[in-house]
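Engineer: Please work from the sequences and hints to get the whole structure.
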Amino acid sequence: MNKAVIAIIVTYNRKELLSKVIDAVSSQSYPLKKILIVDNNSSDGTKDLVSHKISPLIEYKNTGGNFGGAGGFYHGFIEAEKYTYDYLWLMDDDFMPTIDCLEKLVSNSPRGITQPVRYNLDETCAELSPLTYDLSNPFKINPKGVPLNKYLKDLVEKPEYIDIEAIPFEGPLISRDVVEKIGYPDPRFFIFCDDIEYAIKAKRMGIPIKCDLRAKAYRLLVNNQSNDLLSWKGYFMLRNLFYLHKKYGTNVFIRYKPVMLSIGYALSCIMKYRFSQLPIIWRAFWDSSSLNNTELYKPGVKRK
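All residue numbers for the sequence shown refer to this note's numbering, where the first residue is 1 and numbers rise by one.
No lab work stands behind these hints, which were simulated from the structure alone. All the pointers check out, no bait thrown in.
16 Å max Cα-Cα, derived EDC-like pairs, lysine to aspartate or glutamate: (1) K47 / E16; (2) K201 / E180; (3) K216 / E123; (4) K33 / E103; (5) K144 / D163; (6) K3 / E103; (7) K61 / E81; (8) K203 / D163; (9) K233 / E295; (10) K144 / D134; (11) K150 / E123; (12) K216 / D122; (13) K3 / D86; (14) K216 / E160.
Pair ranges (Cβ atoms, derived): (15) S268 / H52: 41 to 51 Å; (16) P208 / W282: 31 to 41 Å; (17) H52 / T84: 22 to 32 Å.
Think of the CB as a built atom: it goes at the ideal place given N, C-alpha and C, for glycine as much as any other residue.
Structural biologist: What follows is the structure, encoded as C-alpha coordinates:
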(Lines of atoms letter the chains of each structure in order from A and count residues from 1; the text may use other names and numbers.)
(Lines give C-alpha, C1' and ligand atoms only; values in the text may rest on other atoms or scores of the structure.)
Protein backbone atom coordinates (compact mmCIF):
# COMPACT_ATOMS: atom_id res chain seq x y z
CA MET A 1 0.00 0.00 0.00
CA ASN A 2 1.38 3.40 -0.99
CA LYS A 3 2.30 5.82 1.75
CA ALA A 4 0.36 9.09 1.59
CA VAL A 5 2.71 11.99 0.81
CA ILE A 6 1.79 15.68 0.81
CA ALA A 7 4.19 18.09 -0.89
CA ILE A 8 4.42 21.62 0.50
CA ILE A 9 5.89 24.22 -1.86
CA VAL A 10 6.49 27.69 -0.39
CA THR A 11 6.80 30.51 -2.90
CA TYR A 12 7.23 34.27 -3.13
CA ASN A 13 7.46 36.25 -6.38
CA ARG A 14 9.11 33.55 -8.48
CA LYS A 15 6.29 32.38 -10.70
CA GLU A 16 8.55 31.25 -13.58
CA LEU A 17 10.56 29.01 -11.28
CA LEU A 18 7.46 27.89 -9.42
CA SER A 19 5.87 26.72 -12.67
CA LYS A 20 8.83 24.40 -13.31
CA VAL A 21 8.74 23.10 -9.75
CA ILE A 22 5.01 22.36 -9.88
CA ASP A 23 5.43 20.47 -13.16
CA ALA A 24 8.33 18.43 -11.75
CA VAL A 25 6.50 17.58 -8.53
CA SER A 26 3.20 16.70 -10.19
CA SER A 27 5.07 14.40 -12.63
CA GLN A 28 6.68 12.25 -9.93
CA SER A 29 6.79 8.52 -10.58
CA TYR A 30 5.48 8.02 -7.04
CA PRO A 31 1.91 9.37 -6.74
CA LEU A 32 1.35 12.23 -4.33
CA LYS A 33 -1.79 12.66 -2.27
CA LYS A 34 -1.72 16.45 -2.45
CA ILE A 35 0.48 19.34 -3.56
CA LEU A 36 0.03 22.41 -1.37
CA ILE A 37 1.22 25.68 -2.90
CA VAL A 38 1.78 28.16 -0.07
CA ASP A 39 2.10 31.67 -1.47
CA ASN A 40 3.51 34.43 0.74
CA ASN A 41 1.23 36.98 -0.94
CA SER A 42 3.24 37.29 -4.16
CA SER A 43 2.67 40.33 -6.37
CA ASP A 44 4.04 38.91 -9.65
CA GLY A 45 0.98 37.02 -10.86
CA THR A 46 1.69 33.80 -8.98
CA LYS A 47 -1.99 33.33 -8.11
CA ASP A 48 -3.01 33.56 -11.78
CA LEU A 49 -0.29 31.11 -12.77
CA VAL A 50 -1.36 28.54 -10.19
CA SER A 51 -5.05 29.00 -11.05
CA HIS A 52 -4.31 27.46 -14.45
CA LYS A 53 -2.72 24.44 -12.75
CA ILE A 54 -5.34 23.83 -10.07
CA SER A 55 -6.62 20.25 -10.03
CA PRO A 56 -7.82 17.75 -7.44
CA LEU A 57 -4.10 17.18 -6.74
CA ILE A 58 -3.01 20.82 -6.42
CA GLU A 59 -4.25 23.22 -3.75
CA TYR A 60 -3.36 26.91 -3.45
CA LYS A 61 -3.17 28.94 -0.24
CA ASN A 62 -2.29 32.62 0.00
CA THR A 63 -0.99 33.45 3.47
CA GLY A 64 -2.08 37.09 3.11
CA GLY A 65 1.37 38.46 3.87
CA ASN A 66 5.07 37.78 3.43
CA PHE A 67 5.95 35.52 6.34
CA GLY A 68 9.21 34.26 4.84
CA GLY A 69 10.09 30.64 4.31
CA ALA A 70 9.64 29.83 7.99
CA GLY A 71 6.16 31.31 8.13
CA GLY A 72 5.26 29.73 4.81
CA PHE A 73 6.16 26.25 6.02
CA TYR A 74 4.35 26.90 9.29
CA HIS A 75 1.18 27.67 7.31
CA GLY A 76 1.85 24.65 5.11
CA PHE A 77 2.04 22.28 8.07
CA ILE A 78 -1.26 23.65 9.36
CA GLU A 79 -2.89 23.26 5.95
CA ALA A 80 -1.63 19.67 5.70
CA GLU A 81 -3.49 18.78 8.90
CA LYS A 82 -6.71 18.82 6.88
CA TYR A 83 -5.60 15.50 5.43
CA THR A 84 -4.28 12.19 6.66
CA TYR A 85 -0.71 11.62 5.55
CA ASP A 86 2.36 9.52 6.25
CA TYR A 87 4.96 12.02 5.05
CA LEU A 88 5.38 15.70 4.30
CA TRP A 89 7.73 16.63 1.46
CA LEU A 90 9.03 20.17 1.87
CA MET A 91 10.52 22.47 -0.76
CA ASP A 92 10.74 26.05 -1.94
CA ASP A 93 10.22 27.46 -5.41
CA ASP A 94 13.68 26.75 -6.82
CA PHE A 95 13.88 23.06 -5.90
CA MET A 96 13.23 20.79 -8.90
CA PRO A 97 13.22 17.04 -8.15
CA THR A 98 14.00 14.43 -10.77
CA ILE A 99 11.06 12.27 -11.78
CA ASP A 100 11.96 9.42 -9.38
CA CYS A 101 13.18 11.56 -6.47
CA LEU A 102 10.17 10.89 -4.25
CA GLU A 103 10.07 7.23 -5.24
CA LYS A 104 13.64 6.84 -4.00
CA LEU A 105 12.94 8.74 -0.78
CA VAL A 106 9.87 6.66 0.08
CA SER A 107 11.18 3.29 -1.13
CA ASN A 108 12.41 2.03 2.23
CA SER A 109 9.57 3.56 4.28
CA PRO A 110 12.08 5.67 6.18
CA ARG A 111 11.62 6.79 9.75
CA GLY A 112 12.56 10.30 10.72
CA ILE A 113 13.79 12.79 8.13
CA THR A 114 15.31 11.91 4.75
CA GLN A 115 17.00 14.48 2.52
CA PRO A 116 17.71 14.04 -1.23
CA VAL A 117 20.96 15.22 -2.83
CA ARG A 118 20.72 18.61 -4.54
CA TYR A 119 22.71 19.50 -7.65
CA ASN A 120 23.28 22.71 -9.56
CA LEU A 121 22.09 22.82 -13.15
CA ASP A 122 25.68 22.23 -14.29
CA GLU A 123 25.60 18.89 -12.40
CA THR A 124 27.96 20.04 -9.64
CA CYS A 125 26.84 18.85 -6.22
CA ALA A 126 25.04 21.58 -4.27
CA GLU A 127 24.17 19.53 -1.20
CA LEU A 128 25.51 21.58 1.69
CA SER A 129 23.82 19.65 4.49
CA PRO A 130 26.53 19.11 7.12
CA LEU A 131 27.50 15.78 8.59
CA THR A 132 27.62 17.46 12.00
CA TYR A 133 26.20 20.59 13.62
CA ASP A 134 28.28 21.31 16.71
CA LEU A 135 26.86 23.55 19.42
CA SER A 136 29.28 22.29 22.06
CA ASN A 137 32.70 23.51 20.85
CA PRO A 138 33.16 27.26 21.54
CA PHE A 139 36.28 27.38 19.37
CA LYS A 140 34.38 26.55 16.19
CA ILE A 141 33.29 29.77 14.52
CA ASN A 142 30.80 27.94 12.34
CA PRO A 143 28.89 25.08 13.99
CA LYS A 144 28.38 23.42 10.61
CA GLY A 145 30.75 20.54 10.00
CA VAL A 146 31.89 19.12 6.66
CA PRO A 147 29.19 19.70 4.03
CA LEU A 148 28.02 16.69 2.10
CA ASN A 149 29.27 17.94 -1.28
CA LYS A 150 32.86 18.02 0.02
CA TYR A 151 32.50 14.72 1.84
CA LEU A 152 31.25 12.96 -1.29
CA LYS A 153 34.26 14.11 -3.32
CA ASP A 154 36.57 11.87 -1.31
CA LEU A 155 34.17 8.95 -1.00
CA VAL A 156 35.12 6.03 -3.26
CA GLU A 157 32.23 3.70 -2.48
CA LYS A 158 29.00 5.57 -1.84
CA PRO A 159 26.37 4.00 0.44
CA GLU A 160 22.65 4.51 -0.06
CA TYR A 161 22.35 6.72 3.02
CA ILE A 162 24.59 9.06 4.98
CA ASP A 163 23.78 10.37 8.46
CA ILE A 164 23.58 14.17 8.65
CA GLU A 165 22.74 16.58 11.47
CA ALA A 166 21.15 19.53 9.69
CA ILE A 167 18.85 19.94 6.71
CA PRO A 168 17.49 22.66 4.46
CA PHE A 169 13.76 22.81 3.87
CA GLU A 170 14.61 21.99 0.26
CA GLY A 171 13.47 18.46 -0.32
CA PRO A 172 13.33 16.69 3.05
CA LEU A 173 10.77 13.93 3.50
CA ILE A 174 9.46 14.14 7.06
CA SER A 175 7.47 11.30 8.56
CA ARG A 176 4.21 11.96 10.36
CA ASP A 177 5.52 10.79 13.72
CA VAL A 178 8.26 13.44 13.54
CA VAL A 179 5.65 16.17 13.09
CA GLU A 180 3.69 14.76 16.03
CA LYS A 181 6.81 14.83 18.23
CA ILE A 182 8.35 18.16 17.16
CA GLY A 183 5.39 20.15 15.91
CA TYR A 184 5.54 22.87 13.27
CA PRO A 185 8.51 25.01 12.18
CA ASP A 186 8.87 28.24 14.17
CA PRO A 187 7.54 31.11 12.01
CA ARG A 188 9.50 33.69 14.00
CA PHE A 189 12.68 32.80 12.11
CA PHE A 190 11.21 34.36 8.94
CA ILE A 191 14.14 33.07 6.84
CA PHE A 192 17.22 31.01 7.72
CA CYS A 193 17.74 28.47 10.50
CA ASP A 194 14.12 27.37 10.90
CA ASP A 195 15.15 24.15 9.18
CA ILE A 196 18.30 23.79 11.26
CA GLU A 197 16.35 24.24 14.49
CA TYR A 198 13.95 21.53 13.34
CA ALA A 199 16.90 19.20 12.79
CA ILE A 200 18.42 20.08 16.17
CA LYS A 201 15.16 19.17 17.88
CA ALA A 202 15.00 15.92 15.91
CA LYS A 203 18.55 14.96 16.80
CA ARG A 204 18.00 15.60 20.50
CA MET A 205 14.90 13.39 20.40
CA GLY A 206 16.88 10.58 18.80
CA ILE A 207 15.09 10.94 15.45
CA PRO A 208 17.28 9.76 12.54
CA ILE A 209 18.24 12.29 9.84
CA LYS A 210 19.70 10.83 6.67
CA CYS A 211 20.60 11.87 3.16
CA ASP A 212 19.50 9.41 0.49
CA LEU A 213 22.23 9.48 -2.16
CA ARG A 214 19.92 7.80 -4.68
CA ALA A 215 17.37 10.63 -4.59
CA LYS A 216 18.30 13.58 -6.79
CA ALA A 217 17.04 17.13 -7.28
CA TYR A 218 18.24 20.36 -8.86
CA ARG A 219 18.60 23.87 -7.52
CA LEU A 220 17.31 26.35 -10.09
CA LEU A 221 19.22 29.18 -8.39
CA VAL A 222 22.82 29.09 -7.20
CA ASN A 223 23.23 29.39 -3.44
CA ASN A 224 25.30 32.44 -2.43
CA GLN A 225 25.04 33.20 1.27
CA SER A 226 28.05 35.53 1.17
CA ASN A 227 25.98 37.98 -0.85
CA ASP A 228 22.96 37.30 1.35
CA LEU A 229 24.88 38.47 4.41
CA LEU A 230 25.34 41.91 2.85
CA SER A 231 21.71 42.19 1.73
CA TRP A 232 18.56 42.69 3.81
CA LYS A 233 18.84 38.98 4.61
CA GLY A 234 21.95 39.57 6.71
CA TYR A 235 19.95 40.67 9.75
CA PHE A 236 18.03 37.38 9.79
CA MET A 237 21.13 35.28 9.16
CA LEU A 238 22.88 36.79 12.17
CA ARG A 239 19.88 37.03 14.49
CA ASN A 240 18.85 33.43 13.91
CA LEU A 241 22.38 32.03 14.19
CA PHE A 242 22.83 33.88 17.49
CA TYR A 243 19.49 32.51 18.69
CA LEU A 244 20.52 28.91 18.00
CA HIS A 245 23.69 29.42 20.04
CA LYS A 246 21.82 30.99 22.95
CA LYS A 247 18.98 28.46 23.04
CA TYR A 248 20.71 25.22 22.07
CA GLY A 249 24.31 25.75 23.16
CA THR A 250 25.31 22.88 25.44
CA ASN A 251 27.54 25.02 27.64
CA VAL A 252 27.85 28.60 28.83
CA PHE A 253 30.68 29.36 26.40
CA ILE A 254 28.50 28.52 23.40
CA ARG A 255 25.57 30.47 24.78
CA TYR A 256 27.75 33.58 25.08
CA LYS A 257 29.56 33.04 21.79
CA PRO A 258 27.22 35.47 19.94
CA VAL A 259 28.91 38.29 21.87
CA MET A 260 32.28 37.41 20.36
CA LEU A 261 30.79 36.73 16.94
CA SER A 262 29.12 40.15 16.96
CA ILE A 263 32.33 41.91 17.96
CA GLY A 264 34.38 40.00 15.40
CA TYR A 265 31.98 40.70 12.54
CA ALA A 266 31.68 44.37 13.54
CA LEU A 267 35.47 44.77 13.48
CA SER A 268 35.59 43.08 10.08
CA CYS A 269 32.97 45.50 8.74
CA ILE A 270 34.87 48.50 10.12
CA MET A 271 38.08 47.34 8.45
CA LYS A 272 36.19 46.99 5.15
CA TYR A 273 34.40 50.36 5.58
CA ARG A 274 31.01 48.68 5.71
CA PHE A 275 29.73 50.97 8.43
CA SER A 276 26.10 50.52 7.41
CA GLN A 277 26.32 46.94 8.69
CA LEU A 278 27.05 47.97 12.27
CA PRO A 279 23.48 48.84 13.35
CA ILE A 280 22.29 45.62 11.69
CA ILE A 281 24.75 43.56 13.74
CA TRP A 282 23.70 45.31 16.94
CA ARG A 283 19.99 44.87 16.26
CA ALA A 284 20.45 41.22 15.26
CA PHE A 285 22.26 40.54 18.54
CA TRP A 286 19.67 42.43 20.57
CA ASP A 287 16.72 40.65 18.95
CA SER A 288 18.25 37.18 19.05
CA SER A 289 17.32 36.31 22.62
CA SER A 290 13.60 36.20 21.89
CA LEU A 291 13.55 36.10 18.07
CA ASN A 292 11.85 39.45 18.07
CA ASN A 293 10.67 39.79 14.47
CA THR A 294 11.81 43.26 13.56
CA GLU A 295 9.70 44.53 10.66
CA LEU A 296 12.43 47.03 9.82
CA TYR A 297 14.59 44.45 8.03
CA LYS A 298 11.93 42.65 6.04
CA PRO A 299 12.03 43.06 2.24
CA GLY A 300 10.26 46.07 0.80
CA VAL A 301 10.59 48.16 3.97
CA LYS A 302 12.28 51.51 3.47
CA ARG A 303 15.03 52.09 6.00
CA LYS A 304 16.27 55.53 6.91
